[in-house]
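K.L.:
Residue strings, one per chain:
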Amino acid sequence: MPDVTASTSDLLETQASLEAVLKDEILTMYQEVADNPDAEFHFFHGRAAADLFGYPSEWLDRAPEGAVNSFAGVGNPLLRAAIREGETVLDLGSGAGLDGIIASWQTGPTGSVIGVDLNPAMCLRAQAHAAATGTKIECHEGRMEDIPVPDGSVDVVISNGVVNLSFRKRRVVQEMHRVLRPGGRISITDIVSAKQLSQSIVNDPKLWAS
Amino acid sequence: MFRLLEESGFARVRSAVVPGFRFRKQSTQNSAEAYGVKAVMMTAEKPGG
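The listed protein sequences correspond, in order, to chains R and X. Following our numbering, the numbering of the first sequence begins with 58 at its first residue and continues without gaps. Following our numbering, the numbering of the second sequence begins with 591 at its first residue and continues without gaps.
Source of the hints: derived by calculation from the structure; they are not laboratory data. There may be inaccurate statements among the hints.
[Unchecked claim] Lysine-lysine pairs mimicking DSS-like chemistry, simulated, CA-CA at most 27 Å apart:
no.	chain 1	residue 1	chain 2	residue 2
1	X	Lys628	R	Lys226
2	X	Lys615	X	Lys628
3	X	Lys628	R	Lys80
4	X	Lys628	R	Lys252
5	X	Lys615	R	Lys252
6	R	Lys80	X	Lys615
Owing to the predicted nature of the structure, the values given are computational and were not obtained by experimental measurement.
Generate the whole structure from the sequences, applying the supplied hints.
P.N.:
This is the structure in structure tokens:
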């Protein structure tokens with residue numbers, strides 16, 4: 058009989074190892090976008106991407122240039138979020154802060170926006186960008202698989218091209234459910250695949266991170 | 591993702607393709623198309639409230 062315990066243990070060890078490498082790749086990739094917005098990547102970013110996904114020009118003209126130039130989303134989760142004044146919004150994978158800043162304009166001073174990002178430097182950047190427009194984002198360093206936010210404390214979760222980066226998507230979705238108050242909602246944009254990715258892609262953190 | 595949301599207790603799960611999404615590099619776009627990769631918008635609600 059095969060040693061199931063050993064093979065499960067090996068699998069978990071391999072996954073933990075890949076996750077650690079993936080974290081480094083994600084940090085490197087998106088720090089690169091933020092630090093070198095004029096560089097070329099295989100995805101659209103900055104104003105070109107935001108224009109492509111239908112962000113109104115009045116939003117982009119009003120937002121800090123640094124937040125717009127570092128934008129690396131895959132769509133516009135704000136289009137269907139229907140954020141109302143006074144609500145608490147969680148931006149999962151808040152990056153340089155563009156979506157969070159726009160959300161904060163919609164919640165107004167009676168609401169709040171919480172950012173969560175793997176990269177503490179990006180959190181600082183998002184907070185600075187928000188402050189530059191006279192608004193506020195409270196950003197926490199953290200992982201989407203263990204969101205550093207209390208149960209039932211959020212009205213809306215937004216995220217943009219982030220969930221696909223996780224090896225543990227079920228866990229991420231369960232975490233989004235946990236932090237939402239009853240009646241709360243999510244509005245996310247992300248990349249999905251109709252076919253099972255090949256093992257060579259799954260095992261390649263550089264490809265996964267992108 | 592759609593199924594994960596429903597299995598995790600979300601209701602009124604909706605999805606739509608992000609119009610205009612594509613990768614900048616043609617080689618990446620070609621690989622993405624081979625795997626049926628696309629960008630989607632998803633909304634859902636946590637029941638109650």
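K.L.:
It remains to establish, for every hint, whether it holds in the given structure.
P.N.:
A quick look at each hint next to the structure:
About 17 Å separates the Cα atoms of X:Lys628 and R:Lys226, which keeps this hinted pair within 27 Å; it holds. Proximity of X:Lys615 to X:Lys628 is assessed by CA-CA distance (about 15 Å); at most 27 Å being required, the pair is judged to hold. Pair hint X:Lys628 plus R:Lys80 holds up; C-alpha atoms about 23 Å apart against a cutoff of 27 Å. For the proposed pair X:Lys628 and R:Lys252, the alpha carbon gap of about 11 Å is at most 27 Å, so the pair holds.
Taken as a hint, the X:Lys615 and R:Lys252 pair is honoured in the structure, with Cα atoms around 21 Å apart against an allowance of 27 Å. Proximity of R:Lys80 to X:Lys615 is assessed by CA-CA distance (about 24 Å); at most 27 Å being required, the pair is judged to hold.
In the structure shown, no violation is registered for any of the earlier numbered hints.
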